[in-house]
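My request is simple: use the sequences and hints to build the entire structure.
For the record, the sequence lines run as chains Z and U. As numbered in the working numbering, residues 283 to 458 make up the first sequence, in order. As numbered in the working numbering, residues 283 to 458 make up the second sequence, in order.
Mixed in with the good hints there might be a few duds.
Selected chain U positions facing chain Z (Cβ under 10 Å, derived; list incomplete) [said to hold, decoys possible]:
(1) Ala331
(2) Ser342
(3) Glu345
Computed list of chain Z residues with no C-beta within reach of chain U, every gap over 10 Å [as the list claims (entries may be wrong)]:
(4) Thr289
(5) Phe322
(6) Ser361
(7) Ser381
(8) Ala383
(9) Ala385
(10) Asp394
Calculated lysine to aspartate or glutamate pairs in the DMTMM-like style (CA-CA distance at most 20 Å, straight line) [to be verified]:
(11) Z/Lys424 with Z/Asp394
(12) Z/Lys396 with U/Glu296
(13) Z/Lys396 with U/Asp334
(14) U/Lys396 with Z/Asp297
(15) Z/Lys439 with Z/Glu329
(16) U/Lys396 with Z/Asp394
(17) U/Lys439 with U/Asp334
None of these hints come from the bench; they were simulated from the model. Glycine included, every Cβ here is placed at the ideal spot set by N, Cα and C.
As a plain string of letters, each chain reads:
2 protein chains.
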Amino acid sequence: MRMDIATVNALPYEDFVNIFGNVVEKCPIVTAAVWSARPFLNFAALEGAIRDFIDALPESGKEGILRCHPDLAGRDLQSGTLTQESREEQAGAGMDALSSAEASSMTRLNADYKARFGFPFVVCARMSDKANILRQLAERCKNERAVERARGIEEVKKICHLRLLGLVLTDAPNKL
Amino acid sequence: MRMDIATVNALPYEDFVNIFGNVVEKCPIVTAAVWSARPFLNFAALEGAIRDFIDALPESGKEGILRCHPDLAGRDLQSGTLTQESREEQAGAGMDALSSAEASSMTRLNADYKARFGFPFVVCARMSDKANILRQLAERCKNERAVERARGIEEVKKICHLRLLGLVLTDAPNKL
Chain Z
283 MRMDIATVNA LPYEDFVNIF GNVVEKCPIV TAAVWSARPF LNFAALEGAI RDFIDALPES
343 GKEGILRCHP DLAGRDLQSG TLTQESREEQ AGAGMDALSS AEASSMTRLN ADYKARFGFP
403 FVVCARMSDK ANILRQLAER CKNERAVERA RGIEEVKKIC HLRLLGLVLT DAPNKL
Chain U
283 MRMDIATVNA LPYEDFVNIF GNVVEKCPIV TAAVWSARPF LNFAALEGAI RDFIDALPES
343 GKEGILRCHP DLAGRDLQSG TLTQESREEQ AGAGMDALSS AEASSMTRLN ADYKARFGFP
403 FVVCARMSDK ANILRQLAER CKNERAVERA RGIEEVKKIC HLRLLGLVLT DAPNKL
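So this is what it looks like as structure tokens:
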């Protein structure tokens, strides 16, 4: 059940971190940090605080965020160790139902990408599908590292946006 | 089994994050970020990179690190949801064997501390014992927020140091 922003603002930090701690995959520090900035005027202010925190990190910190993400259709999916959010997102994009040729391509391209950049390919799977993801992965392997770091972080923000939408109402209900 | 620094430097980021991701409690981003700074000359250089990353965070980020820590003798200990590292450290300081009077004091003081500062009391339990921890908690409740934020982060670094010592050899073995 999604909560309104007043309810969000009233949460003790422990509940806030428990509920929102994975809006940036495996980086509860981001959520835990922005609790300091409450109260939030609305959904956009909460999201903005998260984005600002990420933007203020050094480049190594942005790479750190990317490295906390699992591979798409990778070993965490195979072994069932994805976070719940990531599992649902990957399944929604068909990552759990690849043909063996698609799975081979994904494995090879993920490995190429990681060898080139030192962080994983991150894409907002819920805004895509498997054909598009495979095509993007092949293309993005050709980019420069700084371009991909920035691109990956943009994808992190899209993922965060959709995860937040599942937790917080974008407009507070009228209070009479 | 502890590894030498050459072995650490040769780790792919995924293994590095898996092995060292909890040297700062529930903040794998810190470890994932410093992978960018490898190769590390020695243990001290690895530890220094982690400390430098923490020091460069904004104050909200430092509070975020503290908020990722469990209470001492708190509900995560009761419910068995502590990380392995934290469970061992808390048990070593006797946090799992408090008298009912001690447990009541701890619960009350933890609540006072969190209400005052908006983050939990963090102390390097392995460098202390339960009498000392209770005394420190009572005293630190009286500090200013900025003092406690800095103090908590110093304790985070002590905890990190001991966790690293359990994973990495401090001197590389001679290679003939």
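Do the hints match the structure? See the list:
no. : hint                   : verdict
1   : Ala331                 : holds, 9 Å
2   : Ser342                 : holds, 4 Å
3   : Glu345                 : holds, 5 Å
4   : Thr289                 : holds, 18 Å
5   : Phe322                 : holds, 14 Å
6   : Ser361                 : holds, 13 Å
7   : Ser381                 : holds, 25 Å
8   : Ala383                 : holds, 25 Å
9   : Ala385                 : holds, 19 Å
10  : Asp394                 : holds, 14 Å
11  : Z/Lys424 with Z/Asp394 : holds, 10 Å
12  : Z/Lys396 with U/Glu296 : holds, 10 Å
13  : Z/Lys396 with U/Asp334 : violated, 25 Å
14  : U/Lys396 with Z/Asp297 : holds, 13 Å
15  : Z/Lys439 with Z/Glu329 : holds, 9 Å
16  : U/Lys396 with Z/Asp394 : violated, 46 Å
17  : U/Lys439 with U/Asp334 : holds, 11 Å
The structure shown violates the earlier hints numbered 13, 16.
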